[in-house]
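Going down the list, the sequences are from chains H and D.
Residue 398 in the numbering used here is what sits at position 398 of the first sequence, and the numbering runs on without skipping anything.
Residue 904 in the numbering used here is what sits at position 113 of the second sequence, and the numbering runs on without skipping anything.
Treat the hints with caution; some may be incorrect.
[Unchecked claim] For lysine to any residue, the following SDA-like pairs were computed, each having C-alpha atoms within a straight-line distance of at most 25 Å:
1. H:Lys407 x H:Ala309
2. H:Lys312 x H:Ile392
3. H:Lys106 x H:Asp137
4. H:Lys19 x D:Leu938
5. H:Lys19 x D:Trp875
6. H:Lys19 x D:Glu884
7. H:Lys19 x H:Gln538
8. H:Lys19 x D:Glu867
9. H:Lys787 x H:Gly393
10. H:Lys595 x H:Pro582
11. H:Lys19 x D:Asn872
12. H:Lys189 x H:Ala179
13. H:Lys19 x D:Ala871
14. H:Lys19 x D:Glu943
15. H:Lys19 x D:Gly873
16. H:Lys19 x D:Ala870
17. H:Lys244 x H:Arg274
18. H:Lys787 x H:Arg191
[Stated by the list, open to error] Residues of chain H placed beyond 10 Å of chain D at every Cβ, according to the derived structure:
19. Ile96
20. Tyr138
21. Glu705
Think of the hints as simulated: they come from the structure by calculation, not from any bench.
Keep in mind it's a predicted model, so treat the numbers as computed, not measured.
Glycine included, each C-beta is placed from N, C-alpha and C at the ideal position.
Here is how the chains run, residue by residue.
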Amino acid sequence: MATAEKTATRYVGGGVLRKEDPTLLTGQGTFVESITVPGMLHAAFVRSPYGSAEITGVDTSAASAAPGVVAVFSGEDLADEWAAGLPMAWPVTDDIRIPDHWPVAKDTVRHVGEAVAVVVAGTRAQAADAAELVVVDYDERPAVVDIESARADGAPKVHEQYENNDSYTWTLTNGDVDAAFAKADVIVKERYTQPRLIPNAIEPRAVLVRPTPAASDYTVWSTTQIPHIAKVLFALTAGIPESKVRVIAPDVGGGFGSKLNIYAEEIACLVLARRLGAPIKWVAARSEDYVATIHGRDQIQHIELAADAEGKILGYRANIFANMGAYLQLVAPGVPLLGAFLFCGTYGGEAYHFECTGVFTNTTPTDAYRGAGRPEATFAIERAIDTLAREIGVDPAEIRRRNFLPKGEMVQSPGGLAFDSTDYEANLDRALEILDYDAVRAEQAARRSSGSSRLLGVGFSTYVEMCGLAPSQVLGSLNYGAGGWDAATVRMLPTGQAEVVTGTSPHGQGHVTAWSQIAADALGVPYEDVLVLHGDTQVAPHGMNTYGSRSLSVGGIAVHNACGRVVDKARRIAAHLLEVSPEDLEFEAGTFSVKGVPDRTKTIQEVAYAAWTAHALPEGEEPGLTAHHVFDPPNFTFPFGTHICVVEIDTETGEVEIVRYLAVDDCGNVVNPQIVDGQVHGGVAQGIAAALFEEASYAEDGTLETSSMLNYLVPSAAEMPAFELDRTVTPSNSNPMGVKGIGEAGTIASTPAVANAAIDALSHLGITDLEIPLTPLRVWSAIQDAKGGAT
Amino acid sequence: MTRISLSVNGVAHDAEVEPRTLLVYFLREQLGLTGTHVGCDTSSCGACTVLVDGRSVKSCTMLAAQADGAEITTVEGLAANGSWHPLQTAFHEQHGLQCGFCTPGMLMASVSLLAEDPDPTAEQIRHGLEGNLCRCTGYQNIVTAVLAAAEEMRSAPGGR
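Here chain D stands alone, though its shape is the one from the complex (with noise of 0.2 Å):
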């Protein structure tokens, strides 16, 4: 077993891992925090997409061991101060789910996109998105929910 000390949503865990166990199952089966899902073993869906220091990463693609250190965001963690994140607005206002099982990977790739780039095209959230996978939405939705996600953001003075 390894010990590991990390941040997750702001709150700090110590724990005993298996070298072997992934960052996702570490989220899900030790911290309980189900919102991240598994939807492949071949790090192609983006499911499990999460935050680490605040770039995103699929954390099925990672140790729990690595993430010694590192301050994680998962999807449980988006909202603060009891109100959502601009991009889970946008996808609730513009349909960007359906079965939502995508959902938490996408909104975590969409948060790290706009951090890179605050003011993307459509084009660029097409491309920024193509490492997630959504079988339900045909990803128009998804598109036109970060673009307006964007601007929201973009419009909030000392928006995230």
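With the rest of the complex left out, here is chain H (with noise of 0.2 Å):
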């Protein structure tokens, strides 16, 4: 039984230690790769090395005659096997066009690394040898990789039934775009490219299905994001009831959002574990992973801005291309439009027009990687509003500040949605002072003067994001597929410990502990009373999963509020022993205390056994304390901060070196510093990646060049700097407790503060743009064509 002390303690926005942490650092962590269950037979895909080719044969009888296989089959010998293609579930217009994208390929590949055939064998190593076995006749096609040669004249089409390889075109126009700009002092016009990154979550995708032929029914461990939209879409997919499908995210190694989506392997592992009535196993090389899993961004914007002579914003112009890749994967075409709110930034003005293109290419295709369309969007402004203060002739912080939204709540942005709570000019102040903003002009200045070789720069990222997936109005409004509310259930046990069950599916993020934190204050219960399950379709049926930095402001409200449920029922209970009526109560810290007369008490645990034992309940009550509630938000939250950025560029060497960078993110009230520090930390670490190393690229045929570890670079601790961090509270109005998300914000705001750093460095030589990801090559020509090409 809990002690009057530890009870009182109040866990929300204070520091306690994660209850994941235990298993994962003794080796003890239940990965997908390391469940076994008797009879499992291993899966191996036969991936095109083409990007586009007509399949002309199979032959796949020296493959079924090696050791240990069991059986090998064509994407023709499946045919049936698929009750429907891999999902979609963002349609953002009506007349998109959507290719079928089956689990293996029937007739025709139209990117390297798409599934042609699949072996089983009993041993992973016999199913890869077999399946190096298996010999594949191709008539290979041109391929068209890149964006802008996917929409010249004659380009290979990469689906042969559509006039061209657009996708589809969005729009979205507010204000008179055409007189903001007609009136302008000054246009700024910029073209930017967002590199195609690959998300290299650490842990590989792995899936094992479980059938139980005698019931019909399947349970599925995967390395997923989103166990419970699995299901469903699992289901419709291979042609099984939903009931008959479990579906369990165990521990799983990273998401980033390329465990966000419905995977050929999954619905294959499906099919196979039908049809062969045996578990099948499939774990993916890491080599796999980059042709077979999500690659994202991927864009080529153009953005105008029209101001007046002082800088101030009037119109805003956005007009982008995205690779979509060779299919439309699950949310794909509805990644720009979730920048598209975001192209005006934490600015405000009269008008704005955006359109996003959709584009076809024979590449992997590509999907929500951290941030999803918003780290685009906030490169572009936040790049352009530099531009504008350079032609204006002001200080890149002066500029910001003459267009910020006023503080306040439910501002209404120029890019169409009102902000939940906005207060840029406080944040930007506090950032401007921790860094010492005068003295890095001065030092700048001073290395500018004495000719040094090693040239400072800094650079502003003034970001607001959204996030918190979100209002399902909302999103019917955008086409999207699926709802944006998020269920928990909180049950109290006879012994006076809770269980909360949550439809959000942590990989990494702390659920356990956060979700621990906020159950213990609401509750009045030790925070190790509180045990967290999720992730598993029939331990939490309702969940809408986690993607979109939606958790705390979705799911952990949920957890808040049924948790709120509880005490309003124990509140009734407690009445009833103490022969009180429920207004006559108080509840402080897990006790609820007759008003004026505190010694007659009852505790939650007191009552939690009264509504086990059910001997004495009030009329009507129901037994047991347990409620459920289902949150589904008002509105998106809108976190935003100052993210500067200071870099030394070696003028000899063109290297980029980040010496000092500051993010002050504003994520409205804190459940647990340590862990959002520690989002922020990743979350930057991966937009600096983004800035200096990280690309990948495509040969002309479709084989992608960057096809490792070794040549795509993953930074290490060796790569990043230190980060300091610091934050103010501008509480959200869209949920009870004031949260607003914070996995993506570090990852959106990065980009362009390294960026604009790097360019403020070299822009007394007159360098005004230089393309991302900075490596030194591309810098050193830079400095080299301003000195006057002195290659």
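With the hints as a guide, bring both chains together as one complex.
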């Protein structure tokens, strides 16, 4: 039983150590690759080496005869197994082109890595060996890998049935954009490219399907962020009743959006388990993940700002082309839409026009990667406003100040949405103070005048992002295929502990810890007495899972509110036991006491026991102390902040070194400061990596040139700076706890801060733009060009 | 098949292995020590790092047959006498892990790093761990944790 001292502790906002850690620190984590079941067979996929080709024959005979092989299937062999192709859940326009996407290709391959056959064998090594023996005849076709080539006249068509490679065009207009541009004193017109990124969660994807043939049911363990959504879509795609599919996301080793999908291998293993009546497991090699797991970003952006002579922005135009890859993965068409509302950033204005075209290419499909649409939008506006500052001749901090939306609640952005709570100037001031901005500028000037080969630059990103997806109605208006709610059940056990069942599905975010803090405070029980259950559709039957920085501000709120309902019921029972009316009770730190008679009390643990025995409940009260809540937020949350990057550029090598990185974020009220800081660290690291190192590249024939961790630079500790963090706190009004999301903010904010810093360092040479990633060669070449081509 | 004898976390094993079996798969699949993870196929990520005769080795770069006669320590063998290694405690206290997939390798590489240099700077830790990739933490809290563990180990008499 809890001690009074413990229950008096307030956990939200305080420092508690993570409950997730002990198993993970001792090698006792349960990741999919580590799960085995009796009779398990292993699948290996044969994949296309061509970006575009017709399959003219698949000879499985040698593979079938190989040691340990149980079965070998071509795409044709499995054609009758699929009830539908791989699902796409965000048809953003009525006339969007949605091509068939079969888990194993039947007659045509459209990107390197597309599965063309699958081998099932007794061991993983046997399956891999036999996969080498499958002979596939291809008739190679011309491929197209980049957006502009795919949109050129006469470009090879990724999908023969369409007249060109465009999938859709989606537009948004607020106000009279032409009028805003007509009266502008200054117009900034920029073109930016967003490199293609490979998510690289350190755990490769894996799936294990265990059928129970006599019951016609299936248990699927998958490295997924979305077990509940997957359950529905696995059932529909494989043609299995939804009630017969159980999906379990055990420990999942990072996601960043790459595990927010329905993948060919998941569906293939499901139908193979059905066909063979045996458990089937597949674990990706990293090199497979590189071609068969979604990529992110890959956009070309045209952005225009119209401003008056003082640099006050009047209007915005954004015209975006987004590389979808060969097929439309789960939410890919909607990714640019998540950015559509943020091209005006934290700034005001009269009018805005946005247009986005999704384009097919012979590349691995793209989809949501940490930030999903918002890093791209934030990069564009934060880069463009620096250009505006330079054209007007004002400081980049000052141009932002002149354009900030006012402090307030439900502040209307020219992008079209009302931001829950804003206080941008105070946040910027805090960051400038920590930075000692004047001193940095003085050092920059000193280096320039001394002719130093190590130039200094300062870059800003005063971002806002939209997350906490979201009001279901708004998602519906955008044609999104699911709701934006999340669910929680809270049950008090007879011995006084609390079980929290959540619909979120963590993969590193620490929900077990944070939900324990929330429940412990709301119920007045010790942190240690809360057990959080998640990630298994039979244990936690309702959920919308974890993506879009939604878990706390939707799922965490459901926990908070469900606890509130438990306390409401407990109050009625306590009142009955104490023979007073519920209004006569105070509830604090887990104890109901009669107002004015503080020694007449019942603890929530005593009430839980009484509710379980049900010997003496109020008239009509059901036994048990359990409540369920489904939270559908009235609005997104809009975290914001100021990131400032200080770089040194070695003019002789072109190397960009981050000497300071300061992040002052505002995610409203904070449940767990350590976890929030950790999310910012990791998010910023991924954004810095995009600015300095990462870029997936394809050869013209569709070969992924950056095909492994050897030639795609996932940064190590040696490449990362130390980060300086601070916070301002502007509570959200989108939920009763005043919280906002923080999982993606660092990634959204950081890339333009780094790019702006590098350009700032070189601006006196006349350099006004640098493409990311800022590789030494790219930066050195720009310096040489600026100096008059001394190469 | 090749016959090998080795010690893993202080337990002697005699085993038959295929000549091509990598040490990591021997540990995971034959001994059931699944705490050591596989994150890549190019020896880049370091998730599979273990100690071989006290030195950190990416166990995907070594054949099980090459470990004949060796003393191996995996993450499962890091705690001793029911108490965590100072690095495990420091990773916990400093939030040096999020998803936890890289963590076993990161811990074992850190053990080796501190054995070579009990008092490293943050910069030396960053370079010492550059063979181990983490996608969650941005490394900041890993570096802090290793610094904290190093201090703890230096102050503990007869520490590890």
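Cross-check of the supplied hints:
1. This hinted pair checks out: H:Lys407 and H:Ala309 have alpha carbons roughly 24 Å apart, not beyond 25 Å.
2. Restraint check for H:Lys312 and H:Ile392: the C-alpha separation of about 10 Å stays at or below 25 Å, so the hint holds.
3. Taking the CA atoms of H:Lys106 and H:Asp137, the gap is near 12 Å; set against the 25 Å cutoff, the hint holds.
4. At roughly 22 Å between alpha-carbon atoms, H:Lys19 and D:Leu938 fall within 25 Å of each other, so this suggested pair holds.
5. The straight-line distance between the Cα atoms of H:Lys19 and D:Trp875 is roughly 15 Å, inside the 25 Å bound, and the hint therefore holds.
6. A distance of roughly 11 Å separates the Cα atoms of H:Lys19 and D:Glu884; the hinted pair therefore holds under the 25 Å criterion.
7. Only pairs whose Cα atoms come within 25 Å are accepted, and H:Lys19 paired with H:Gln538 is accepted, the gap being roughly 22 Å.
8. Our distance criterion of 25 Å between C-alpha atoms is met by H:Lys19 and D:Glu867, whose separation comes to about 19 Å.
9. At most 25 Å may separate the alpha-carbon atoms for a hinted pair to count; H:Lys787 and H:Gly393 meet this at roughly 22 Å.
10. Restraint check: the Cα-Cα separation between H:Lys595 and H:Pro582 comes to about 10 Å, which is no more than 25 Å; the hinted pair holds.
11. The hinted pair formed by H:Lys19 and D:Asn872 meets the criterion: a straight-line CA distance of about 22 Å does not exceed 25 Å.
12. Pair hint H:Lys189 plus H:Ala179 holds up; C-alpha atoms about 17 Å apart against a cutoff of 25 Å.
13. Distance restraint check for H:Lys19 and D:Ala871: the Cα-Cα separation of roughly 21 Å lies within the 25 Å cut-off, and the hinted pair is therefore satisfied.
14. For the suggested pair H:Lys19 and D:Glu943, the alpha carbons sit about 22 Å apart, so the restraint of at most 25 Å is met.
15. Our distance criterion of 25 Å between C-alpha atoms is met by H:Lys19 and D:Gly873, whose separation comes to about 18 Å.
16. Using a Cα cut-off of 25 Å, the hinted pair H:Lys19 and D:Ala870 holds, with the two alpha carbons roughly 18 Å apart.
17. Restraint check: the Cα-Cα separation between H:Lys244 and H:Arg274 comes to about 12 Å, which is no more than 25 Å; the hinted pair holds.
18. For the hint linking H:Lys787 to H:Arg191, the alpha-carbon distance of about 23 Å falls within 25 Å, and the restraint holds.
19. Interface exclusion of H:Ile96 from chain D stands, the closest Cβ pair being 32 Å apart, more than 10 Å.
20. Residue-level check passed: H:Tyr138 sits 24 Å from the nearest beta carbon of chain D, beyond 10 Å.
21. With a minimum CB-CB distance of about 15 Å to chain D, H:Glu705 clears the 10 Å threshold, and the non-interface call stands.
Consistency with the previously given hints is maintained throughout, with no hint failing.
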